[in-house]
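Undergrad: So you can see what is in the structure, the chains are spelled out below.
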Amino acid sequence: MNTLEVKNITKTFKLSKKQRKLEKTDDKHKIAVNDLSFIAYPGEIFGLLGPNGAGKTTCLRAISTLIKPDEGDVLVGGSSVVNESFDVRGKIGFLTSELKLEDHFTPNYLFAYFGRLHGIEKDVIEERRQSLFSRFGIDKFQEVKVGDLSTGMKQKTSIAISLVHDPEFVIFDEPTNGLDVLTARSVTDYLLDLRNQGKTVILSTHILSVVEKLCDRVGIIINGRMKVCDKLDTVLAENNEEDLEELFFKLIQDEELRGEL
Amino acid sequence: MKNIFTIFKKEFYRVMSDKRLIFTTILLPGLAIFVMYSAMGGAINNSSDDMDSHKIIVYTENMPNEFRLYINQEIPENPEFHDVADSDMDTVVALLKEGDIDLIILFDEDFMTVLEDYESLNYTLPNVDVYFNPGERYSENSIGVFYGYLNSFFHNEATNPDRYGSAYDIATFNTNNNGLPFVVQYENKGIGQGLSMLLPMLIIMFLFSGAMSIGPDSIAGEKERGTIATLLVTPVKRSEIAIGKVMSLSLISLMSAISSFIGIILSLPKLLGGQLPTDVPVYSIYSINDYLMLLSIIFVTVLVIVGLISVISAYAKTIKEASTLILPFYFLSIMIGISTMFSGEGNTDLYVYLIPIYSSVNMIISILSFEVIGIHYLLTIVSSLVYVSIFIYVLNRLFQSETIMFSK
Ligand SMILES: Nc1ncnc2c1ncn2[C@@H]1O[C@H](COP(=O)(O)OP(=O)(O)O)[C@@H](O)[C@H]1O
Ligand SMILES: [Mg+2]
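From first to last, the protein sequence lines stand for chains A and B. Per our numbering, the first sequence starts with residue 1, numbered consecutively. Per our numbering, the second sequence starts with residue 1, numbered consecutively.
No wet-lab data here; the hints were simulated from the structure. Accuracy of the hints is not assured; some may be wrong.
[Unchecked claim] Stretches of chain A that chain B covers, calculated by requiring three or more beta carbons in the stretch to come under 8 Å of a beta carbon on chain B:
#, stretch
1, 79 to 90
2, 116 to 123
[To be verified] Simulated pairs of lysine-lysine, DSS-like, Cα-Cα distance not exceeding 30 Å:
#, chain 1, residue 1, chain 2, residue 2
3, B, K320, A, K21
4, A, K91, B, K2
5, A, K154, B, K320
6, A, K100, A, K140
7, A, K18, A, K30
8, B, K317, A, K28
9, B, K317, A, K145
10, A, K100, B, K19
11, A, K145, B, K2
12, A, K14, B, K317
13, A, K24, B, K320
14, B, K320, A, K28
15, A, K154, A, K68
16, B, K237, B, K2
17, A, K91, A, K231
18, B, K237, A, K100
19, A, K68, A, K7
[To be verified] Estimated spans, in silico, between C-beta atoms of each pair:
#, chain 1, residue 1, chain 2, residue 2, range
20, A, G43, B, K237, 30 to 36 Å
21, A, D233, B, L251, 58 to 64 Å
22, B, L385, A, D216, 54 to 60 Å
23, B, D290, A, S150, 54 to 60 Å
24, A, D123, B, T324, 42 to 48 Å
25, B, K237, A, V124, 19 to 25 Å
26, B, G226, A, D139, 22 to 28 Å
27, A, K28, B, Y291, 55 to 61 Å
28, B, L385, A, S37, 46 to 52 Å
29, A, E212, B, T324, 47 to 53 Å
30, B, F23, A, D139, 29 to 35 Å
Note that CB positions come from ideal geometry on N, CA and C, so glycine has one too.
Kindly produce the complete structure, drawing on both the sequences and the hints.
TA: Structure follows, in structure tokens:
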């Protein structure tokens with residue numbers, strides 16, 4: 001079954017002097033993700049909601065094998081990110097603002113390049129390129145160097161390329177960040193399409209409306225810990241809240257109080 | 001394997017589709033060497049114009065008459081010939097030291113007979129001793145002129161043309177640059193030494209700068225710009241990424257090396273033009289073997305330099321950091337090049353040929369001055385390849401490390 005199981009992962013970073021200054025802390029270590037667990041199911045969008053610095057990106061990086069969790073494991077369709085990272089990378093499409101495309105190359109070139117690295121046949125690459133590029137309106141810019149594309153077009157090219165191998169698991173970190181409304185809309189529409197195709201979709205965001213509009217399940221993460229995690233309506237019902245915003249701020253307040261004690 | 005090739009192709013295309021990079025990494029090295037060496041050659045030739053008016057004074061012994069006639073015919077301003085036997089040798093050497101005379105040329109007594117007797121069983125090459133004073137411009141110039149004529153006369157004019165397959169493979173002079181006395185036995189060493197002075201340093205410099213202009217960008221730059229992470233989430237082994245990049249870097253650096261090499265070759269005629277008679281092909285002072293050895297040394301040196309630069313670039317977080325870290329190594333290798341500039345010959349200590357780059361520089365000098373010792377050559381090649389393997393191993397470890405590759 002194409003579920004994605006995050007099992008008690010913890011990730012601690014050593015902080016350099018510079019980082020300690022930036023974070024205004026004396027601690028030499030930062031627990032970015034603390035004993036975090038959740039399950040995402042195929043045909044659903046799982047939203048990881050949390051304020052900046054909550055640990056969302058760190059969690060998604062651990063899922064995509066860019067970093068190894070110190071403890072715990074993630075099973076992506078049964079493959080462990082700790083022991084079978086190679087298999088995991090073949091199954092996921094990962095998008096985050098830190099994954100950049102090289103300015104010098106064109107969308108066409110890069111799409112074919114990453115397709116080959118995923119071991120996909122030439123004609124399949126071509127077929128997917130046409131459908132994805134026309135879907136995102138990249139086709140008019142397919143021979144323009146990435147460096148000359150607008151931010152939105154770059155982001156859309158990144159999305160197309162992250163999907164070159166038609167992955168069963170789609171993991172997008174803040175996919176609409178910094179995009180204009182129109183572009184953001186085309187991205188969220190596509191995420192819904194992917195869900196309807198039966199893909200397992202995980203996205204992270206700090207924007208409440210994104211979760212409300214898109215997600216079937218939500219996990220609210222604060223300070224590296226999962227505070228609540230379930231179907232959207234269940235989460236609200238269990239916490240006796242009318243809307244997500246109220247719940248979100250209540251959780252953050254609780255955390256701040258705990259921090260002060 | 002397929003992934004290595006895909007990455008290699010992309011990295012290679014990256015440079016080849018960038019006019020600026022093609023110019024700085026591939027065309028510039030050859031062009032710069034050509035211009036520099038041609039200018040040097042021009043300077044030498046200019047001073048030899050003024051040499052023409054100087055009457056060369058030569059003391060000889062047993063000079064074959066045929067050669068005297070040949071010289072008189074070739075040099076319109078006849079050199080002044082004296083017989084050593086008329087004074088004693090010490091006096092003549094003292095005159096040379098003072099710069100009062102330009103050359104002493106001592107032929108074997110039966111030089112011509114021996115020369116023609118090449119088919120006999122116990123044949124040994126006839127010997128000619130040449131003394132000159134490298135501290136004196138006229139003397140130094142005369143030696144060049146006379147080598148050329150010695151070479152061309154005894155190889156072409158006075159000998160059966162079928163004797164040597166390719167006559168110039170054998171025609172070489174021996175000099176040493178510490179002044180006196182100075183023995184010549186058909187060797188071209190003087191010319192080779194001139195070349196070997198600057199060349200190793202230039203070759204190392206250009207190999208380094210070729211790799212330096214793309215290595216940091218290709219590895220540290222990709223980390224800095226966040227493009228390597230895109231690659232790291234594909235099902236490609238990190239070792240494949242590392243090897244693909246190193247291969248492309250090596251090929252491009254090799255192209256820049258070959259470009260320097262072509263620059264050198266093209267400037268040889270200008271550089272040596274004044275020293276050789278017109279009918280002696282300039283390129284023939286070195287044999288095919290010499291050229292092949294030179295290329296193979298350049299090849300392993302490229303690999304060592306690319307390996308070093310790749311490791312540093314993988315360790316560094318930014319292009320700037322990488323370039324800064326590479327700089328000391330760059331200067332160190334230039335210093336190695338400079339330190340050997342005036343030695344005139346390859347180091348004879350075995351351990352030298354185990355030190356990366358230093359070994360290459362000494363080998364290049366040995367090749368250019370016709371003094372290759374097989375074991376030195378072998379050690380240079382093998383030790384360089386060992387260093388390359390170590391670099392690739394370290395590079396692979398760095399690529400595996402999450403903090404190194406992805407520290408944002
Ligand atoms: N490589 C790293 N080194 C040190 N600290 C890090 C590193 N990556 C993330 N952090 C810290 O971990 C915490 C969580 O970061 P992140 O996962 O990026 O949060 P989010 O994506 O939710 O905004 C932050 O305090 C951040 O500063
Ligand atoms: Mg983030």
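Undergrad: Confirm or reject each hint.
TA: We went through each hint and held it up to the structure:
Here's how the stretch 79 to 90 of chain A fares: 4 of its residues keep a CB closer than 8 Å to some CB of chain B, so the rule of at least three is met and the hint holds. Given as covered by chain B, the stretch 116 to 123 of chain A passes the check, having 4 residues with a CB less than 8 Å from a CB of that chain where 3 are the minimum. Annotation: proposed proximity of B/K320 to A/K21 holds, straight-line Cα distance about 23 Å (limit 30 Å). Under the criterion of a C-alpha separation no larger than 30 Å, the hint pairing A/K91 with B/K2 is consistent with the structure, at around 19 Å.
In summary, the hint linking A/K154 to B/K320 is supported, as the alpha carbons are separated by about 26 Å, within the 30 Å threshold. A threshold of 30 Å between alpha carbons decides the hint, and for A/K100 with A/K140 the separation of about 21 Å falls inside it, so the pair holds. As the CA atoms of A/K18 and A/K30 are separated by approximately 13 Å, the hinted pair is consistent with the 30 Å bound. A threshold of 30 Å between alpha carbons decides the hint, and for B/K317 with A/K28 the separation of about 21 Å falls inside it, so the pair holds.
Taking the CA atoms of B/K317 and A/K145, the gap is near 25 Å; set against the 30 Å cutoff, the hint holds. A distance of roughly 23 Å separates the Cα atoms of A/K100 and B/K19; the hinted pair therefore holds under the 30 Å criterion. Between A/K145 and B/K2 the CA atoms are separated by roughly 25 Å; this keeps the pair inside 30 Å, and the hint holds. The hinted pair formed by A/K14 and B/K317 meets the criterion: a straight-line CA distance of about 17 Å does not exceed 30 Å.
A threshold of 30 Å between alpha carbons decides the hint, and for A/K24 with B/K320 the separation of about 27 Å falls inside it, so the pair holds. Between B/K320 and A/K28 the CA atoms are separated by roughly 27 Å; this keeps the pair inside 30 Å, and the hint holds. As the CA atoms of A/K154 and A/K68 are separated by approximately 28 Å, the hinted pair is consistent with the 30 Å bound. In summary, the hint linking B/K237 to B/K2 is supported, as the alpha carbons are separated by about 11 Å, within the 30 Å threshold.
Between A/K91 and A/K231 the alpha-carbon distance is near 25 Å, which keeps this suggested pair within the 30 Å criterion. This hinted pair checks out: B/K237 and A/K100 have alpha carbons roughly 19 Å apart, not beyond 30 Å. Restraint check: the Cα-Cα separation between A/K68 and A/K7 comes to about 13 Å, which is no more than 30 Å; the hinted pair holds. Between A/G43 and B/K237 the C-beta distance comes to about 32 Å, which sits within the given range of 30 to 36 Å.
Evaluation of the 58 to 64 Å hint for A/D233 and B/L251 yields a pass: the beta carbon distance comes to about 60 Å. Remark: the range hint 54 to 60 Å for B/L385 to A/D216 is upheld by a beta-carbon distance near 58 Å. The given range of 54 to 60 Å is respected by B/D290 and A/S150, whose C-beta atoms sit roughly 57 Å from each other. At about 47 Å, the beta-carbon gap between A/D123 and B/T324 stays in the expected band of 42 to 48 Å.
B/K237 and A/V124 have their C-beta atoms about 22 Å apart, which keeps the hinted 19 to 25 Å range intact. Roughly 26 Å separates the CB atoms of B/G226 and A/D139, a value that falls within the hinted 22 to 28 Å. Taking 55 to 61 Å as the suggested C-beta distance range, the pair A/K28 and B/Y291 conforms, at roughly 59 Å. A beta carbon spacing of about 50 Å between B/L385 and A/S37 agrees with the range 46 to 52 Å that was offered as a hint.
In this structure the supplied range 47 to 53 Å holds for A/E212 paired with B/T324, their Cβ-Cβ distance being about 49 Å. A beta carbon spacing of about 33 Å between B/F23 and A/D139 agrees with the range 29 to 35 Å that was offered as a hint.
The structure agrees with every numbered hint stated previously.
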